[in-house]
Amino acid sequence: MKQSTKRSYTLTFGCALAGLIALLALVSLFWAPYAADDTSGGRLTGPGAGHLLGTDKLGRDLFTQLMTGSRVAFEAGLGSVLIAAVVGVTLGVLAAFAQGWLDDTLSAFLDILIAFPTLLLAMLIVAAHSATLGSAVLAIGLAQSAVVGRLVRILVKRVLAQDYITAARTSGTSWPRIVAGHVLPNIWPTLVVNLALQFGLAVLAEAGLSYLGLGAPPPNASWGRMLQEAQATFTTAPAGALAPGILLVLLVIGVNLIADGLRDTLDPAARRRRA
Amino acid sequence: MNILDVRDLGIRTADGRTLVDGLSLTIAPGERLGLIGESGSGKSLTTLAVLGLLPDGMTATGGVELAGTQIVGASEKQLRGVRGRDAAIVFQEPLTALDPLMRVGRQIAEPLSRRRGLRGAELKRAVVDALEQVRLPEPDRIARAFPHEISGGQRQRVALAMALACDPKLLIADEPTTALDVTVQSDMLDLLDTLVRERDMAVLFVSHDLAVVSKVTDRVVVMKDGRVVEEGDVRTIVREPREEYTKALVASARQLESALDLRNA
Amino acid sequence: MTPVLELNGASFAYRGHTAPVVEDISFTVETGHSLALVGESGAGKTTLLRLLLGLARATAGTVRFDGDELKPRDREQMRRFRRSVQCVFQDPYSSLDPRRRVGSIVSEPLRSLGIDSRSTAAPKVAEALERVGLPADAAERYPHEFSGGQRQRIAIARATVCDPRVLLADEPVSALDVTTRVKVVDLLNELKQEQRLTLVMVSHDLSVVASLCERTAVLESGRIVEQGETGQVLGSPAHPYTRRLVDSVPRLPA
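Residue numbers (my numbering), protein chains in the order written: chain A, 6 to 280; chain B, 33 to 297; chain C, 10 to 263.
For the record, the hints were derived by calculation from the structure and aren't laboratory data. Heads up, a few of these hints could be off.
Okay, the calculated bits of chain C under chain A, using three or more residues with CB under 8 Å as the criterion [claimed, not checked]:
no., region
1, 90-104
2, 116-129
A short, non-exhaustive set of chain A residues, derived as facing chain C with CB atoms under 10 Å [unchecked claim]:
no., residue
3, 236
4, 237
5, 238
Where is the CB? At the ideal position from N, CA and C, for every residue including glycine.
Using the sequences provided together with the hints, build the complete structure.
What follows is the structure in structure tokens.
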């Protein structure tokens, strides 16, 4: 019992961290202290009354940018994870059921996709499209589909080897119903935890791509681009780099704590075994 | 002096549940003791405690004296000195007890070189000897094989050869034949009996199966829910069990066996 | 009378392997004559069970159900077959979906075979649970709340809920403790009598075979070496392998 209360603290704390940043993102949909392109504040003013965290080298309000940046971070995380979940689960389930050459082909495809650097994929997509948040999310999501797909393939194979699947077959249950009623519920806990971790990684990856100029274009703020822009003036005006950096770390930690907490709360049988 | 002297052994989990409580038993040199119990009785934990191998988070209280060494509270270094030399163990599932990535010969060679300091050709000969002693055919071929390349019965013989390699004073066998086919089990029990007799080795034989235990041991301890229920000569216990639980155990075994006798008649 | 199940010269080999796992197997399962398939690991017991369950197709020979060749593509025939032939597995931990309530597990054959909806299945589930000696409120609980013996009872309830004629059982008690084993053997005997079930049991445990089955077939390396009345086969074995098997059973001291 002690174990599970400790775990639920992890979950609560993680939710609090991520929730705080989610709140910033939500509010930014309706209201922000300044317009994104408002440069009236003067360049590189320090934190103060008019500007909570000061302004950047173009005179834009930092806090406003942080708020829109958190929205971009959530869009990137959720978008990538959605792509990874849909594509990854579909490929993984197919690969688990496939036999012979089809299984080999699908597995090889997933392996190649995993070996393919996200950065290269992003550059290809940006070259074919343009540097938008959508391109970045597509690149990250596809790269993560491979990771999720390979995990799902193994999880599904493990479930398919269980006797309750054979029992379902001899009970006359059709394959689609077996997948929906037995396979997915049993891989769900592990999958959800992994997707939560992928969310954190996607946020980091988007910041990385934006830092390199491959993410959302201005005037949309992104933590990654904020970091890049503030780099040159770090010694004179550290707030510009510290603020997005800290939020990025807090969000990733928060999401990881959520993943950790979920791992246990989602599986009552496992909790009992540990007790 | 007894080779094994367990006094008032208790085993607790990290969250305070008691799994074994007030367990005492002794084994004299060359004596064979059977430990009988069903799943959850704490019999396997008891054997682990004897070698100081309890899983993380579990703690032992009381006393376990193995060949003069106090095991409860001993340092890992002291325990390493005891394991293999004073007592060795054979587990139920030989596939998980052997390293899947190491050839059988090397796994047997390891305790031989560590304990007896054998090297080179001498070591090689000792490995083949060890495999021959457990009646494995073609010991040279088996020594070169990986665990998955030989049968379950052969793997269990390899595990036995490893346990016997350092000539321990006490052999602990935890359900050593439960995973084996019935004909293989029969051969394995005969082999175990012969080898132990030749070496005048003490045995702690753990099993849920009265009939199997009675083939190898003379005296048995019956366990239930972490406690000793009854103790005595195996024939007496099978003929006249005193405690309710032992009676149920014997009756169940008899009922199944009687089905065979009816058909034989 | 037409046998419920019949194997006629059945063989099975994995694709790409020339050596069959089971070869030229012939036997019949007639109502009221429970059959034991006895053998050790690698004898082909599990493959035989998969053939009998229609989960694998014989690469040679035939499997017949009620006199007709079993065709996995014939949906109408398969529905009748599934309703008549159910299965209990060896490992009660692997055979129950840990994420389903017992009620849902036991009612699965009724729902999947289109016999009942979830609501009309409830009384039958309660009856099946009661028959195997479990309380009715078991339906609301999850498998991990039960012991190994109780879980095997749940599996038996699932296999008998649609009133099948044949129960295929794969080492149904070998994962259980001796005292539990006896109780489950007794339960299977009751079901044989009260539900007019015919048992086809795969086992290596001769005492369980002798307790439950009228007929026995002994398998060695994928072939039947001896078959007949259980008393005859185990009492005066004709084949040396059967004799060795019988002699190997550990016995209690007299």
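Verification of the supplied hints:
Residues of the region 90-104 of chain C with a Cβ under 8 Å from some Cβ of chain A number 10, which satisfies the need for three, so the listed coverage holds. Closer than 8 Å: that is the beta-carbon criterion, and the region 116-129 of chain C has 4 residues meeting it against chain A, so the requirement of 3 holds. This hint is violated: residue 236(A) has a C-beta 49 Å from the nearest C-beta of chain C, more than the 10 Å allowed. At its closest, the beta carbon of residue 237(A) sits 54 Å from a beta carbon of chain C; the interface hint therefore is violated under the 10 Å criterion.
Look at residue 238(A): its Cβ only gets to about 55 Å from chain C, farther than 10 Å, so that hint breaks.
Of the numbered hints listed earlier, those contradicted by the structure are 3, 4 and 5.
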